[in-house]
Amino acid sequence: MKKALTVLSLALLGSASAANLTVWTHFGGAELAWLRAQADAFKKATGHNIQLVSVPFDQIPDKLIQSAPKGQGPDLVVTLPQDRLGQLAAAGVIDSMDRYVTSRSDLDRTALSAMTYKGKLFGLPMFAESVALIYNKKLVPQAPTTWAQFLSAAQKNTGNGRFGFLMDLSNAYMNYGVISAYGGYVFKNNNGTLNTKDVGLANAGADKAAAFLNDLRYKYNLVPEGVDGGAAKSAFVDGRAAMILTGPWDMGDIKKAGIDYGIAPFPTPPGASGKWSPFVGVQGAMLNAYSKNKAAAAQFAREIVKSDAQVSFNKAGGRIPVSLSARTKLKNDPVVAGFGRTISMGTPMPNVVEMGAVWAPWSNAVAQSVQKPNQNYSQINERAVQEINKNIK
Amino acid sequence: MTLTASPRPRTAAPPDGVRGILLAILILAVLLGSAALIGWLLSGVTARFVPQAPPYLILVYTLGALLLGMPVVARLFPWMVNWYYLVPSLVFLAAFTVLPIVLTVNYAFTNYSGQNSGNPDTGVRTEAVLSADRRTLTLAELPEGASSLAEFLRCRNASCVGDTAILYDEDASTPVRAQIASVQGQSITLTAPVAETFQPASVTRLNRYEYVGLANFREIFGRASSALWPVFVWTVVFAFSTVVINAIAGLILGILLYNKRLKGRNIYRTLLFLPWAIPAVISVQMWKALLNQQFGIVNKTLGLLGIAAVPWLGDPLWAKISVLLVNLWLGFPYMMTATISALATINDDLYEAASIDGASRWQQIQNITLPLLRTSFTPILLSGFAFNFNNFGIIYLLTGGGPPQEGRDATAQSTDILLSWGYNTAFAASGGQNYALASAIALIIFFLTLGISLVNFKAAGVFEEARR
Amino acid sequence: MTTAPRAPHEGNLPPGGYIHREPSFLRRALPWLVLAALVVGFGVLAYFLAQSMQGRQRSFSIYFVEGGWIRFLLFLLAASGVLALTSLIGQRWGQARTGRRISYLAVLGDQLTHLFLILVVLVAIYPLFYVLLAAFDPRNSLFAFPDFENPNILYRSGLLPNLDVLSLENFARLFTGITLPGWQVLLAGLGGAALAAVLLFALAARLGRESAGLVRGRTWAMYLLVGALAALVVFMTPAQFTGPDNESRFVLSVRNTLLVSGLTGVLAILLSTTAGYAMARLRFPGRFQMLLFYIFIQMFPVFLALVAVYALMVLLGLTNTFTGLILAYSGGAIAFNTWIFKGYVESLPESLEEAAMVDGATRWQTFLRVVLPLSGGMLAFIFLNQFIGTYAEFILANVLLTGVEKWTVGVMLLSFTQGQFSTKWGVFAAAATLGALPIVALFYGFQRYFVGGTVAGGVKE
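Chains as they are written, first to last, in the working numbering: chain G, 5 to 397; chain Z, 359 to 826; chain X, -8 to 452.
The set of hints was computed from the structure by calculation and includes no laboratory data. Quick caveat, the model's predicted, so the values are computed rather than measured. Note that the Cβ used here is the ideal one computed from N, Cα and C, for glycine as well. Heads up, some of the hints might be wrong.
Derived DEER-like restraints, expressed as beta-carbon distance ranges [said to hold, decoys possible]:
#1 Z:P729 with X:E201: 21 to 27 Å
#2 Z:G391 with G:G123: 37 to 43 Å
#3 X:G32 with Z:S583: 48 to 54 Å
#4 X:P129 with G:A299: 27 to 33 Å
#5 Z:P729 with X:G208: 44 to 50 Å
#6 X:G90 with Z:P729: 33 to 39 Å
#7 G:R103 with X:W174: 47 to 53 Å
#8 Z:Y569 with G:K74: 43 to 49 Å
#9 Z:G427 with X:L363: 57 to 63 Å
#10 X:T228 with Z:T532: 31 to 37 Å
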């Protein structure tokens, strides 16, 4: 009898301490299935119940800002990139995780710094991504290392329903590598601190980069109008495109199609002063500042960035883990190795609050520069920067 | 009331004129207000005893109070019974339309945004130590970028008197607001000691929003050349030309299909009805795929005709054409159906008389059909204009306001109409959740719509019909 | 028609007919002025459009037929020529058969009308057909590359997706992981049978076998259909959907939408009929002003007040619930529905109500027992209009509801085409086909109410 009572009270205790966690995620397909499996395992281990809620990627920040202060938000978001981190912190909806994350030795240093804002860790980094040149080895046997090689390989494969090189030319994120190669930048980086008063998207380098992007379309006749990321991928998967510029998110479909691919950095564009250096996005799990179950939520976040979990996550969707031991285990994986190289060449996206004011005007400027041949790039860029400065104030 | 020896008997007739209206509205307001008050009190009591009680109980209680109060008022003022027919709709309008509108109008004069949302800022949360008397908090350090505590806390004045600091305990999940008495160096003195049960560990500021007067409107009109004017012009051009184009297409098809000799006209009618029957949220997205410059069926067909690939959604001017064409596809069946039903009301004898006179078919259309159609078409055209003036769906789904155009704000691109501009300002990433500015835009749209509708109503005779 | 010789006939026109008056010069010139302005406007527009096409390269992914438009025009010319010939034969033959004079031009006109209408139908309907085909194409064919080597020009140009590969894969993705308990299968079967019965009855009526029994049968089958559907919709739960990704919850989103739209439609009737009746029949000070207030207050662009609506819903604890969404929707169309219903009541003869009142019925009883039973068609229109409007709404739903389990059809479809870096056009096509079906069925089933109601309600908003 006594024993039964003990068991009963223990059971009651267990159920009382078991939290019901809500996790927002933008994962889909195999990655969502992976997260579900992780949640089930977590429940078995700790008794905490996890409810996964699918929210589209681009809606998460806005929905979080709206609903978290009203007590309607999730406990944890899996995952968000760092570029809106500052904005979310200023709106007060995400909380620093320093208390909960004691061991950081397994996590990539760049990734941790991307998730660090005003000296505090606001997200547990999970995976990093940058764009890279994906080439079809059947059509381009050797990765082009110089612009001349690239151009000849691309032009050889262009025509009659085939494409030498495709990418989403009107997307600012995709093109940052080129802009930085010519000397453009978003905010001036002074030894680690970003000067948000100095926006370098309208300097001579940025103008040259815009002209180069326009040339890709209208001078070299490589990237036709109206091609977006989806079209580029489906052309590559079809075997019609020799090279595309894309990120790890498309690798699942490319592998599934059985294309013999290689991954390489984009060559230094003609006349550029520096190397091509793409934006590096780090996505991490973030904690809702208003959550009542922070400890449990952070525990789950720690579980999913562990080495084994990261390896199985990579198997599910092909993302590049930031766990160092997971990277070691995956070092023979061509995707991890290939993107690992471009990530190390890249520039982390700024995570300051002012970044929110940059995206829209900048994207518009990039899209305008490739809308039609021969435009006044400096005027377009100048206007965008004016608007950015006005929005930052 | 009945006990007083008033010589005036209670009448079933309300007082006349403005006085009657005002009195009725006053009575209704008192009735609704007291019902809401009772609901609020009761739900407060319920929440105290049953903490899990859902907050929407206030609606139930209010409704109950209203149902009890209505007969009482009807007894006191028998003529109010007429107004009771309006009560269900009035209650709903008040709760779910008028109340949000009042709040929104209020926002239009503030700097309310995703950041200035009246919530604590977790980005600058700083460790702090509480003194023994539980009234003074000393910060470990001033966060970077702030030169003084007053600046860090964004106080209204340098001494911070009356401002609010946000305290957190170790777990940091529930912000606690505390009134500031004074600030000194790195320590904050509160007006009242912190409760014993609460152990503050860190402090942050409140990103509050405040009244900024007409600043939002000044901003809109100050940047009018890159947002308001071009967007307004396009909105009017779009609403006007889409209605005209749809009406012309509908008229032509309707007149052709009304030809009684035509065999199989019901088949044509049934097929051409289809675009109307498919929800726009589906068909517009479908068109987005079909109009793709490289892969869309439209350009593939044009390629068969030897016409170069048109940048339907990639060029500012062509995108406008695309919006009009897709809206034509969506809207012509309605105009066609309206034409057919209007034609059905025209007396056939007129045509017979005309053909006896030797009038040709074209002359019949010109001199009989069109003038008679004008009566039934005027209201349709006017309401179509008003509808398309705020036709957010097609813009958002087809072009998303884009493609970008030089010299425009990021929230007001080449095909953005007023409403989508407001939406972008408040809810799209390009607008930075500037709810206050969007509210100001909403107010401008409201007055523009109101003005246009007044003219429309005058023309369509709505006022006469309403007064009837 | 020249105007002068018309005068003697004016007296013969029926009362209320068109009386011709001599228009002023300006009035007569107006159409030509408008025409000239239009031509100039189109010219300018065409110039700018042509200019924007300058320097654009030809697409690699589109099959080109040089000078194809000449061939097309020649085809049209040839077709017209053939029609001219067949019209002549038809006219001669008809005259010989009936012995009456038949105008050649009328016959030719009808034939050319057919040609024109067929072209219009092709242009208007082919996109739908194409999307329907794409739904059966597992290769995401809305974005496919044409096969330039194919001998068939329809395949070579990509005008038709390759028919050999068609499969139900896209649909299968929408249905993976759905578990249906036996009673739901039974309900679905019952609903299906009722639908078949309704269609059969409708067919019988079309064939001219209208009878009282038939009408009663159709009504009962209709009740059964609505009842089975309603039970299915109400008792389906998210737990039944165990598929791995968002697509597999499409059926759930349809269920959510039907639930929200249905309740919103019912609420619309409850809220607007009494007000509409009062505005039409009762005379009290403030009636006219209230009507205007209703109309004008709803001109405020409500979804820019979304932040406030959201705050309100938080206050009521109704965020992320269908109740909250339904309440938010219901506030939206009161003015329009009231206006429509008012117009309808005004068209009813007042004598019926007067008779009832003479018999001792109160206003309210008159409204319940005389007016409402007469307004079936109008109520159906208000319900359907609200239902369909709500079905297609996605903005409020997107803001107020979070999580795939709460999504409505519109939000679900948006998520297919606005993914982070990818769009799923194949699944979109399949989902669009299925999602449009209920509304298309409603439209065709209740066409009568629609056409009447919408045209009557022309003066709105």
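How the hints compare with the structure:
| no. | hint | verdict |
| --- | --- | --- |
| 1 | Z:P729 with X:E201: 21 to 27 Å | 38 Å, violated |
| 2 | Z:G391 with G:G123: 37 to 43 Å | 51 Å, violated |
| 3 | X:G32 with Z:S583: 48 to 54 Å | 24 Å, violated |
| 4 | X:P129 with G:A299: 27 to 33 Å | 46 Å, violated |
| 5 | Z:P729 with X:G208: 44 to 50 Å | 46 Å, holds |
| 6 | X:G90 with Z:P729: 33 to 39 Å | 37 Å, holds |
| 7 | G:R103 with X:W174: 47 to 53 Å | 51 Å, holds |
| 8 | Z:Y569 with G:K74: 43 to 49 Å | 22 Å, violated |
| 9 | Z:G427 with X:L363: 57 to 63 Å | 26 Å, violated |
| 10 | X:T228 with Z:T532: 31 to 37 Å | 33 Å, holds |
Checked against the numbered hints given earlier, the structure breaks hints 1, 2, 3, 4, 8 and 9 and satisfies all the rest.
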